[in-house]
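Protein chains: 2
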Amino acid sequence: MTNLQREDFSKWYIQTIQKADLMDYSPVRGCMIFKPDGFEIWEHIQEEFGVRFKEEGIRNAYFPMLIPESFFTKEADHIEGFAPELPWVTEAAGEKLEERLALRPTSETMIGTAFSNWINSYRDLPYEINQWANVFRWEKKTLPFLRTSEFLWQEGHTAHENEEDARNRTMRMLDIYKEVIEGVLAVPVYQGRKTPSERFAGAVDTYSVEAMMKDGKAVQAGTSHFMGTKFAEAFDIKYLNRDNKHVFCNTTSWGVSTRLIGSLIMTHGDEQGLVLPPKVAPTQVVLLPVGPWKKKPEIVERLEELQKQLKAKGIRVTLDDSDNSPGFKFNEWELKGVPMRIEFGPRDMENNQVMTKMRDLDDKVAVSLDDIEEYVEKSLEEMQVRLLETARQMRSSHEYTNIDTLDELKAHIEEKRAAGEPAGWVLAGWDGTEESEAKIKEETGFTTRNIPFVPAVEKTTCIVTGKPAKHTVWLARAY
Amino acid sequence: MTNLQREDFSKWYIQTIQKADLMDYSPVRGCMIFKPDGFEIWEHIQEEFGVRFKEEGIRNAYFPMLIPESFFTKEADHIEGFAPELPWVTEAAGEKLEERLALRPTSETMIGTAFSNWINSYRDLPYEINQWANVFRWEKKTLPFLRTSEFLWQEGHTAHENEEDARNRTMRMLDIYKEVIEGVLAVPVYQGRKTPSERFAGAVDTYSVEAMMKDGKAVQAGTSHFMGTKFAEAFDIKYLNRDNKHVFCNTTSWGVSTRLIGSLIMTHGDEQGLVLPPKVAPTQVVLLPVGPWKKKPEIVERLEELQKQLKAKGIRVTLDDSDNSPGFKFNEWELKGVPMRIEFGPRDMENNQVMTKMRDLDDKVAVSLDDIEEYVEKSLEEMQVRLLETARQMRSSHEYTNIDTLDELKAHIEEKRAAGEPAGWVLAGWDGTEESEAKIKEETGFTTRNIPFVPAVEKTTCIVTGKPAKHTVWLARAY
Chain A
110 MTNLQREDFS
120 KWYIQTIQKA
130 DLMDYSPVRG
140 CMIFKPDGFE
150 IWEHIQEEFG
160 VRFKEEGIRN
170 AYFPMLIPES
180 FFTKEADHIE
190 GFAPELPWVT
200 EAAGEKLEER
210 LALRPTSETM
220 IGTAFSNWIN
230 SYRDLPYEIN
240 QWANVFRWEK
250 KTLPFLRTSE
260 FLWQEGHTAH
270 ENEEDARNRT
280 MRMLDIYKEV
290 IEGVLAVPVY
300 QGRKTPSERF
310 AGAVDTYSVE
320 AMMKDGKAVQ
330 AGTSHFMGTK
340 FAEAFDIKYL
350 NRDNKHVFCN
360 TTSWGVSTRL
370 IGSLIMTHGD
380 EQGLVLPPKV
390 APTQVVLLPV
400 GPWKKKPEIV
410 ERLEELQKQL
420 KAKGIRVTLD
430 DSDNSPGFKF
440 NEWELKGVPM
450 RIEFGPRDME
460 NNQVMTKMRD
470 LDDKVAVSLD
480 DIEEYVEKSL
490 EEMQVRLLET
500 ARQMRSSHEY
510 TNIDTLDELK
520 AHIEEKRAAG
530 EPAGWVLAGW
540 DGTEESEAKI
550 KEETGFTTRN
560 IPFVPAVEKT
570 TCIVTGKPAK
580 HTVWLARAY
Chain B
110 MTNLQREDFS
120 KWYIQTIQKA
130 DLMDYSPVRG
140 CMIFKPDGFE
150 IWEHIQEEFG
160 VRFKEEGIRN
170 AYFPMLIPES
180 FFTKEADHIE
190 GFAPELPWVT
200 EAAGEKLEER
210 LALRPTSETM
220 IGTAFSNWIN
230 SYRDLPYEIN
240 QWANVFRWEK
250 KTLPFLRTSE
260 FLWQEGHTAH
270 ENEEDARNRT
280 MRMLDIYKEV
290 IEGVLAVPVY
300 QGRKTPSERF
310 AGAVDTYSVE
320 AMMKDGKAVQ
330 AGTSHFMGTK
340 FAEAFDIKYL
350 NRDNKHVFCN
360 TTSWGVSTRL
370 IGSLIMTHGD
380 EQGLVLPPKV
390 APTQVVLLPV
400 GPWKKKPEIV
410 ERLEELQKQL
420 KAKGIRVTLD
430 DSDNSPGFKF
440 NEWELKGVPM
450 RIEFGPRDME
460 NNQVMTKMRD
470 LDDKVAVSLD
480 DIEEYVEKSL
490 EEMQVRLLET
500 ARQMRSSHEY
510 TNIDTLDELK
520 AHIEEKRAAG
530 EPAGWVLAGW
540 DGTEESEAKI
550 KEETGFTTRN
560 IPFVPAVEKT
570 TCIVTGKPAK
580 HTVWLARAY
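Heads up: the protein sequence lines correspond to chains A and B, in order. For the record, in the first sequence the residue sitting at position 342 is 451 according to our numbering, with numbers rising by one throughout. For the record, in the second sequence the residue sitting at position 147 is 256 according to our numbering, with numbers rising by one throughout.
In short, the hints are calculated from the structure, not lab data. Honestly, I wouldn't trust all of these hints.
All copies of an identical chain are treated as equivalent in the list; a pair is satisfied when it fits inside any one copy or across any two copies.
[Unchecked claim] Here are the simulated lysine-lysine pairs, PhoX-like style, with alpha carbons at most 20 angstroms apart:
#: 1; residue 1: K163; residue 2: K417
#: 2; residue 1: K205; residue 2: K249
#: 3; residue 1: K420; residue 2: K163
#: 4; residue 1: K326; residue 2: K120
#: 5; residue 1: K205; residue 2: K250
#: 6; residue 1: K422; residue 2: K163
#: 7; residue 1: K473; residue 2: K487
Kindly generate the complete structure, drawing on both the sequences and the hints.
So, in structure tokens, the structure goes:
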């Protein structure tokens with residue numbers, strides 16, 4: 110068997126998510142179908158963020174999906190950034206519309222207009238809401254979960270009395286993103302600031318969490334934007350301050366999307382298929398009867414009892430008593446990335462035990478049925494932690510901090526390509542000019558990911574010009 | 110003070126939902142904004158249905174919002190029914206599309222296409238999924254929550270081996286709709302079958318749950334459709350049956366939408382504003398400090414403690430310690446429909462008690478702080494039951510079963526109009542012809558709501574023709 114994951118990562122990815130029944134293509138270009146197992150991962154992600162947003166006092170709302178063209182033009186950078194990828198409704202109910210309506214790529218303009226109506230005084234601030242919604246960006250090249258013309262996301266929008274409050278909210282959400290993406294998806298991320306050219310259209314500052322996939326490429330896993338008063342000025346979001354003056358709010362927005370599903374698959378998956386972190390796995394434990402067929406009814410009965418026990422503990426458990434062979438089932442459930450497999454046959458019954466296997470470990474372990482509940486809980490918790498640790502190790506083995514010139518970078522990329530290994534991420538000095546940034550991209554295909562808050566090394570010279578570095582940035586190919 | 114609710118129910122409705130901060134209009138015609146309190150009601154409705162769908166083994170998925178024009182034309186009745194209200198995307202990313210894409214009014218066509226790919230054998234059946242989504246029907250006359258161009262809903266879609274299984278699923282979902290709408294929203298409904306002219310576009314049979322609003326008009330609160338093999342034939346949803354033959358599936362679909370929010374407001378609201386059933390109220394209990402200001406800090410401290418106690422019991426409780434006067438606050442929280450108010454002042458503190466008031470009752474009740482937790486839980490449960498009972502009484506006082514001719518119906522409507530009272534619902538005999546149905550509508554504005562499964566009276570003659578009645582139908586004006 111060839112190692113498809115190493116030889117053709119994209120092909121491995123597409124095959125894996127289809128075989129694992131997470132998604133299907135649709136007849137509409139660039140729009141995918143989230144099948145139940147794929148969608149349930151998203152539901153668990155939503156639950157985890159939902160709890161945290163609520164603790165922050167952020168409430169959910171829902172805004173219209175269609176945005177009048179005139180709204181976009183109010184903030185110049187915003188329309189410039191999004192215009193190239195908007196789909197437009199031009200007709201409805203048999204008539205041509207007077208004004209085109211865009212399918213929202215993001216809701217700043219709609220929510221900004223609402224905020225300008227709703228916010229009057231400092232007593233109304235902070236005004237903080239979140240929306241779970243479908244959004245559209247008409248993409249030329251698409252990849253399921255990671256880049257699709259329609260995708261699902263949450264977008265938070267907040268308005269504040271002053272810059273400090275708004276910046277605190279921006280940073281707090283970036284911390285929550287890191288907490289959930291690492292703690293729940295077991296995907297390690299670096300927090301940092303985007304360079305000006307990679308900023309959200311209309312933001313003063315954009316911050317991101319960036320994750321490394323197994324092929325060494327980067328995924329921007331979440332972003333948090335400080336808008337200053339730019340959107341407030343464009344949409345007239347003013348309030349009466351404590352000195353009785355009308356002044357502009359400072360606003361923020363922040364979002365994560367269904368691309369998180371793609372990220373966790375590309376971080377944990379292996380040659381056998383998906384590897385799902387227990388906290389988001391639709392099925393956490395699968396129970397499989399094994400051994401001679403004639404004994405099966407009592408085996409299945411005992412497993413049904415075990416299923417009830419585990420369900421009562423809040424564990425998502427599936428009993429597969431189909432007629433397929435155990436070997437077939439082992440493969441199928443491995444492919445689906447189920448964290449834990451429990452086998453049980455006549456001999457196990459005699460010994461009052463089960464055989465257990467964790468998806469990310471090789472060995473099987475016999476466990477007494479008397480201890481099984483605690484063992485399952487503990488094993489799932491340990492796997493959750495272990496996956497993050499494994500991903501951190503994978504990441505650190507593909508990070509490079511000793512590349513100081515563009516020639517060295519090119520040589521590094523070529524060397525890795527020849528060896529069939531990921532080129533990974535490079536921590537580089539940057540003189541802060543757009544020219545240098547553009548040159549890196551043009552000559553290597555690497556782009557700036559972010560300027561990490563806590564770089565392992567502070568680089569002193571620009572990788573392009575050799576001049577003093579203004580920033581230390583992560584460079585990588587990105588999805 | 111005039112009784113606005115009786116004099117101008119629509120005006121009362123619009124004022125109430127705006128003052129209670131549930132919604133706002135948007136700049137896009139017919140599209141509304143769900144503000145946090147309005148959206149949270151929807152979230153509680155979603156949770157209640159979500160649990161029940163899961164128990165039924167129905168899983169959530171997500172399908173693309175854009176539907177190619179060619180899909181609609183596959184089922185003739187379907188396109189005929191929806192064509193007049195579709196918005197179309199005709200351009201994207203600066204280019205004209207080769208084929209127009211509709212914003213989904215419902216997803217039968219998209220999901221039918223997917224089912225035809227996914228379903229192969231009887232082993233795949235039943236295939237049962239649900240989707241929570243935004244949908245579009247470009248409406249000429251709109252009313253917040255009840256009729257908007259974009260709305261939120263769930264749509265379930267299932268495929269089965271035979272008619273019996275599909276009909277069972279259709280009926281089971283209608284029962285779940287009744288269970289939740291009555292048990293959670295406290296809105297009583299009648300189950301029944303729609304007449305052919307009121308069927309879902311493309312269905313063999315459409316069933317509905319119909320609710321009466323306080324103005325006597327009807328709201329179709331949910332529908333469940335048996336499609337037979339009509340959609341399966343249009344979308345080629347075939348499977349290999351147990352006799353090794355390729356045959357068509359029987360399919361169903363069923364949905365409830367954000368119009369449920371409008372229904373519960375129009376069922377329970379009163380002159381003072383909203384009255385929310387405890388199970389869906391964003392705030393179930395509001396705590397209000399009263400009495401001399403200087404004592405306020407220790408009063409608020411004790412209320413904070415009470416808030417913690419109640420929160421620990423899973424109760425959604427808000428402490429309003431703003432500087433507004435108690436009278437202002439009483440009005441504000443009544444307007445918002447909060448089920449229970451708890452007042453607490455210095456004298457209450459001395460007596461170790463609070464004063465409580467339920468939104469739907471007149472009297473205040475003093476309750477010892479020692480018993481408050483159980484008292485609150487019990488009171489909310491009782492109110493939930495009471496609201497349904499009150500709504501049932503309201504409904505039965507506006508039901509008429511003794512109207513046998515169109516002239517009598519017209520006289521009834523005229524009499525009620527003159528008295529400023531709701532015309533209500535009329536249980537009538539119907540000869541089953543489209544002509545009679547059309548005549549009722551044309552001459553009275555009443556439409557057939559449904560043919561109830563268990564009518565209070567079986568009518569024997571048609572209200573229009575005097576011929577023998579084929580069915581006993583509910584007639585009413587409807588939203």
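Status of the hints after comparison with the structure:
1. Taking the closest pair of Cα atoms, K163 and K417 come within 20 angstroms of each other only across two copies (16 angstroms); inside a single copy the shortest separation is 32 angstroms, beyond that limit.
2. In this assembly of identical chains, the alpha carbons of K205 and K249 lie at most 20 angstroms apart only when taken from different copies (14 angstroms versus 27 angstroms within one copy).
3. In this assembly of identical chains, K420 and K163 lie within 20 angstroms of each other by CA distance solely across copies; the values are 14 angstroms between and 27 angstroms within a copy.
4. For the homomeric pair K326 and K120, the shortest alpha-carbon distance inside one copy (15 angstroms) is at most 20 angstroms, but the shortest distance between copies (58 angstroms) is not.
5. Within a single copy, K205 and K250 get their C-alpha atoms only as close as 30 angstroms, which misses the 20 angstroms cut-off; across copies the closest is 18 angstroms, which meets it.
6. In this homomeric assembly, K422 and K163 come within 20 angstroms of each other (Cα to Cα) only across copies, at 17 angstroms, whereas the closest approach inside a single copy is 25 angstroms.
7. When the C-alpha separation of K473 and K487 is checked against a cutoff of 20 angstroms, the pair qualifies only within one copy, where the shortest distance is 16 angstroms, while the shortest distance between copies is 51 angstroms.
Going down the numbered hints, you'll see the structure goes against none, and every one checks out.
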